[in-house]
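Number of protein chains: 2
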Amino acid sequence: MTRSRAFGFLLARGRGRLFLFRSLDLLPFQGLFYTHGQLVAQSSKHYSGFSRELDPWKCCFTPSYLGVIKGQKASVMVNFSVPHHRPFSSASTSTKRNPYFSTVSLDDVRHFVDILGHKSVIQDEDRLLAANIDWMRKFKGSSQLLLLPKNTEEVSKILQYCNTRCLAVVPQGGNTGLVGGSVPVYDEVIINLSSMDKNISFDKVNGILICEAGCILENLNSFLANEGYIMPLDLGAKGSCQIGGNVSTNAGGLHFIRYGSLHGNILGLEVILADGTILDMLTTLRKDNTGYDLKHIFIGSEGTLGIITKVAVLTPCKPSSTNVAFLACNDYLSCQKLLAEAKRDLGEAISAFEFMDCSSVEMALTHIEGVRNPLPTSLYNFYVLVETAGTDESYDRTKLEALLVRSMEMGLISDGVIAQDLNQASSFWQIREGVSEATGKAGAVYKYDLSLPVEMLYGVVEEIRMRLGNAAKVLGFGHLGDGNLHLNILSANYDSKILAQIEPFVYEWTAQHRGSISAEHGLGLMKAEKIHYSKSAKNVNLMVSIKKLMDPKGILNPYKVLPQSLLQN
Amino acid sequence: MTRSRAFGFLLARGRGRLFLFRSLDLLPFQGLFYTHGQLVAQSSKHYSGFSRELDPWKCCFTPSYLGVIKGQKASVMVNFSVPHHRPFSSASTSTKRNPYFSTVSLDDVRHFVDILGHKSVIQDEDRLLAANIDWMRKFKGSSQLLLLPKNTEEVSKILQYCNTRCLAVVPQGGNTGLVGGSVPVYDEVIINLSSMDKNISFDKVNGILICEAGCILENLNSFLANEGYIMPLDLGAKGSCQIGGNVSTNAGGLHFIRYGSLHGNILGLEVILADGTILDMLTTLRKDNTGYDLKHIFIGSEGTLGIITKVAVLTPCKPSSTNVAFLACNDYLSCQKLLAEAKRDLGEAISAFEFMDCSSVEMALTHIEGVRNPLPTSLYNFYVLVETAGTDESYDRTKLEALLVRSMEMGLISDGVIAQDLNQASSFWQIREGVSEATGKAGAVYKYDLSLPVEMLYGVVEEIRMRLGNAAKVLGFGHLGDGNLHLNILSANYDSKILAQIEPFVYEWTAQHRGSISAEHGLGLMKAEKIHYSKSAKNVNLMVSIKKLMDPKGILNPYKVLPQSLLQN
Chain E
1 MTRSRAFGFL LARGRGRLFL FRSLDLLPFQ GLFYTHGQLV AQSSKHYSGF
51 SRELDPWKCC FTPSYLGVIK GQKASVMVNF SVPHHRPFSS ASTSTKRNPY
101 FSTVSLDDVR HFVDILGHKS VIQDEDRLLA ANIDWMRKFK GSSQLLLLPK
151 NTEEVSKILQ YCNTRCLAVV PQGGNTGLVG GSVPVYDEVI INLSSMDKNI
201 SFDKVNGILI CEAGCILENL NSFLANEGYI MPLDLGAKGS CQIGGNVSTN
251 AGGLHFIRYG SLHGNILGLE VILADGTILD MLTTLRKDNT GYDLKHIFIG
301 SEGTLGIITK VAVLTPCKPS STNVAFLACN DYLSCQKLLA EAKRDLGEAI
351 SAFEFMDCSS VEMALTHIEG VRNPLPTSLY NFYVLVETAG TDESYDRTKL
401 EALLVRSMEM GLISDGVIAQ DLNQASSFWQ IREGVSEATG KAGAVYKYDL
451 SLPVEMLYGV VEEIRMRLGN AAKVLGFGHL GDGNLHLNIL SANYDSKILA
501 QIEPFVYEWT AQHRGSISAE HGLGLMKAEK IHYSKSAKNV NLMVSIKKLM
551 DPKGILNPYK VLPQSLLQN
Chain V
1 MTRSRAFGFL LARGRGRLFL FRSLDLLPFQ GLFYTHGQLV AQSSKHYSGF
51 SRELDPWKCC FTPSYLGVIK GQKASVMVNF SVPHHRPFSS ASTSTKRNPY
101 FSTVSLDDVR HFVDILGHKS VIQDEDRLLA ANIDWMRKFK GSSQLLLLPK
151 NTEEVSKILQ YCNTRCLAVV PQGGNTGLVG GSVPVYDEVI INLSSMDKNI
201 SFDKVNGILI CEAGCILENL NSFLANEGYI MPLDLGAKGS CQIGGNVSTN
251 AGGLHFIRYG SLHGNILGLE VILADGTILD MLTTLRKDNT GYDLKHIFIG
301 SEGTLGIITK VAVLTPCKPS STNVAFLACN DYLSCQKLLA EAKRDLGEAI
351 SAFEFMDCSS VEMALTHIEG VRNPLPTSLY NFYVLVETAG TDESYDRTKL
401 EALLVRSMEM GLISDGVIAQ DLNQASSFWQ IREGVSEATG KAGAVYKYDL
451 SLPVEMLYGV VEEIRMRLGN AAKVLGFGHL GDGNLHLNIL SANYDSKILA
501 QIEPFVYEWT AQHRGSISAE HGLGLMKAEK IHYSKSAKNV NLMVSIKKLM
551 DPKGILNPYK VLPQSLLQN
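Taken in order, these protein sequences are the chains called E and V.
Last residue of the first sequence: 569 in full-length UniProt numbering, with the numbers rising by one and none dropped.
Last residue of the second sequence: 569 in full-length UniProt numbering, with the numbers rising by one and none dropped.
Treat each hint with caution, since some may be false.
[As the list claims (entries may be wrong)] Which chain E residues stay away from chain V? Per the calculated CB distances, all over 12 angstroms, these:
| hint | residue |
| --- | --- |
| 1 | LYS138 |
| 2 | LYS343 |
| 3 | ASN381 |
| 4 | ARG467 |
| 5 | ALA519 |
| 6 | LEU523 |
[Stated by the list, open to error] Derived pair list, reagent style DSS-like, types lysine-lysine, alpha-carbon separation capped at 27 angstroms:
| hint | chain 1 | residue 1 | chain 2 | residue 2 |
| --- | --- | --- | --- | --- |
| 7 | V | LYS538 | V | LYS138 |
| 8 | V | LYS538 | V | LYS497 |
| 9 | V | LYS204 | E | LYS337 |
| 10 | E | LYS538 | V | LYS497 |
| 11 | E | LYS538 | V | LYS150 |
| 12 | E | LYS548 | V | LYS548 |
| 13 | E | LYS157 | V | LYS538 |
| 14 | V | LYS441 | E | LYS337 |
| 15 | E | LYS538 | V | LYS447 |
| 16 | E | LYS318 | V | LYS318 |
| 17 | V | LYS198 | E | LYS538 |
Bear in mind the hints are in silico, worked out from the structure with no lab data behind them.
This one's a predicted model, so the numbers in the text were calculated from it and none came from an experiment.
Think of the CB as a built atom: it goes at the ideal place given N, C-alpha and C, for glycine as much as any other residue.
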């Protein structure tokens, strides 16, 4: 096996897919393969075909070893220039290091070696660098210590020691977060859960899986597929993200409309508190009303209240048939009405309801190779992709066809087509998934991930479009079924004048309409100081009280989620 | 309108339904009509036919006014002897009044009159008595003050004052709880939410309802039915229970297998904290990852952390077809396998999966008038009731038939029948619902509501049966799809020797198998001191810390949920 000698990032595109990985000496490759967002990792393929398109990162590289990545240990020799940092629209407020925290000493390192053994205490510069940088390359910490605990007891001992010594820590899973929540800000000790990746048990009658927090989502899904079940969440980052991170960030994803929030699907957790206490809430019961249901405090708290080490999750049965329709609407109101009709007609079978405006579709058609509009005529104002997942192919298809006929009669849709096979279904999804990728090819992009009541969701797109006029191209698309808008604003170059036209307007508009400035990405470091746009001072004060109660020294993932001014008072 | 002059309880049975209501001077009747458990209120009917069956409460009564109850103000003249108290199997540990709490003074009453007006400050003995007693007549407080706030601000002012004055309070909704959580233990001020019963808004596209906490579940369901939606929970107590109480107690109910926990269905809450702070978490967003999701702390905390005043709930589309099958299995393992098959074959259409052992069915057949076994041959060891709710009558039926054929071929079921119409479906349900009612007719009954992993759920029934031999009849039935067992033990008379054979064995057995001693009823006063059977000391300690943080004076629903020894330290 070739060992990597150079460190860096490799980004490769192929057929509408985007890959980003980091090569690190000796670590199993599987845990080091990073993808995100709508982008799906085809990690079982090799990479020879992907060197041709490296913009917009403008790096060059020479892979000297192309191994099969998935499920095997492998490494890769990569030489390339460091890519330019991309400017982002929501930079974090500069935060000072909390002087209360200790710095890691040689004695500390020796103590961690005693707990974990030499191999799990990492001080190698290359490996530390990878763990210090988020996958968007927006945030970079300066941690000098990466710990790889192998079990619950080791995590407990680490935290017990760190709490006593006042050493700040950052819990890390697949490091696929978008808001800088999973990398250090300063010199926090990184506790990476990748080595805790065992499936503990699976109850075939009830579909209840218990596993360690470091299990990769895609691996869990592959395991469950053999048992006739699926995970209740599906993300673009599934090839790298870990279930512990999914739960810590309350990940949403593509099946949210069908299976709902993790608050409804997670049955139990094992969590290590700041002082090392092992909190066993790892029940597999569907009903348990004995006292406060504490696990919910940890779901979505982004590692600031405890480190999740084990997860019990209720998994749905695997649907045996999938159908996809691609529909055109003349106005946004029709999209809304179509959503109501689809929910009514398709009932529980609906598994996705995505929408794109004309500009979004045009962007995908223009910039993504192989993407074609399945509707024959010129562009409509809006497009909707409806997916059903059920247990009977022909019945499900008939229902979807009936929805189309009815919607056409009601004047809700102007045109529409149902995929004839899996290839066509995949080509419909390419349009939707291609939008995000296409924006990266068109120049500078300002990205926002908002939750808004569905009836006013498109209003912010129209208002921003009016504010910016010809200065930028404004796209609106996203998970309409969940009220989740992806607002993308494109211009030739990054321009502070354009940014000033967008922010804080977009946050204020969202706040005025009782929306959320972070639908599914969390707050992390990037938006910790912006929480007041979506939560009242009373809400935030109670969060701060809970944080202080559960982590009095503030060692768990500091500088994240909550405003520092409130925490350090 | 006739005014009631006498106070008391009226219990009436008719066609497998049980009614319990309290008549109180001048209050709107709708808010005073109590039912519970599997028993459904037919509150739009009058009561003339129900006097014929009054055992086992052995009270007599003479209704002098029979009004239409539902949706109208009405009252009733009732004269009857006080029914005997029934002994219960899980009596509360005797708890001393916390001497730290003040007692209500005349000045306090004047202050509440200033806030609420005379009509909402109740000191009338009869009305106080009704509010002091739980519907099971197991718990009785001695509160001298019942407050009926009409809006959020009034609740806030009440709590602000009570917190300053150190006056303990008990939040009360429909008072249909089974564990003494909704009545005072001593002289706590009762804050009843019945006057806060407005629907605030309904979003037809997304099925999101916002309403006040005092809305009665059945009324919400009736409202939604007209809009093509249903509430995601359904309870026997729906005619009286209020949505605020449902959320506070994390009510489960009959549709749990289909729509899951309230943690997944409640989108937002407005809650008043102990010091009167109005905590606005009343979002209608499906996705919102901005900070800790605080609403979950209040769901299931039984009014000990705050008083819920408004609720935003995601409501499912109303299914247009329902099918019910009644099946016989030879052993418990077959019931489990049938559950797995049903979940796989019926997919998302499954809406109930109930099981009964032979003794349970025999009990219903023997004691409930009109209940018949739809299967022609003699009794089998186990029975399963499967219900589907979907959007296509013939298709849904075909799928259920296919499940039957396949299960028969696999040897999982010995016999089975699908209801041919709604009447037959209702008669199948009568068997299941009749079990609970029948136990009341057979003598003394010890009732337990346990959650257990499905594979060992019936084990406790078999062990108890062995322990008791001929001394008692042991029934096992319940929501198999949710792992929720109703264990009922019947003997001729209440007997401390039998109880000693059951407790603490049943709790210990449940604890050993990582079950829950309260699947859906909560802990309330009855099981506050038993929490350690289902939660570890570390869990309980964290709950206590959170209680002390959020309600430092402990005024909110004292003596409930958590052990007093830990709270008063």
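Consistency of the hints with the structure:
1. LYS138: Holds: least Cβ distance 18 angstroms, greater than 12 angstroms.
2. LYS343: It is violated; LYS343 (chain E) is separated from chain V by about 6 angstroms at its closest Cβ, not greater than 12 angstroms.
3. ASN381: Nearest chain V Cβ is 18 angstroms from ASN381 (chain E), so the label holds.
4. ARG467: holds (24 angstroms)
5. ALA519: violated (4 angstroms)
6. LEU523: violated (6 angstroms)
7. V:LYS538 - V:LYS138: violated (31 angstroms)
8. V:LYS538 - V:LYS497: violated (34 angstroms)
9. V:LYS204 - E:LYS337: holds (9 angstroms)
10. E:LYS538 - V:LYS497: violated (53 angstroms)
11. E:LYS538 - V:LYS150: holds (23 angstroms)
12. E:LYS548 - V:LYS548: Satisfied, since the Cα-Cα distance of roughly 13 angstroms is no more than 27 angstroms.
13. E:LYS157 - V:LYS538: Holds - the C-alpha atoms of LYS538 (chain V) and LYS157 (chain E) are around 17 angstroms apart, at most 27 angstroms.
14. V:LYS441 - E:LYS337: violated (53 angstroms)
15. E:LYS538 - V:LYS447: violated (43 angstroms)
16. E:LYS318 - V:LYS318: The hint holds at about 24 angstroms.
17. V:LYS198 - E:LYS538: holds (25 angstroms)
When each numbered hint is compared with the structure, violations occur for hints 2, 5, 6, 7, 8, 10, 14, 15.
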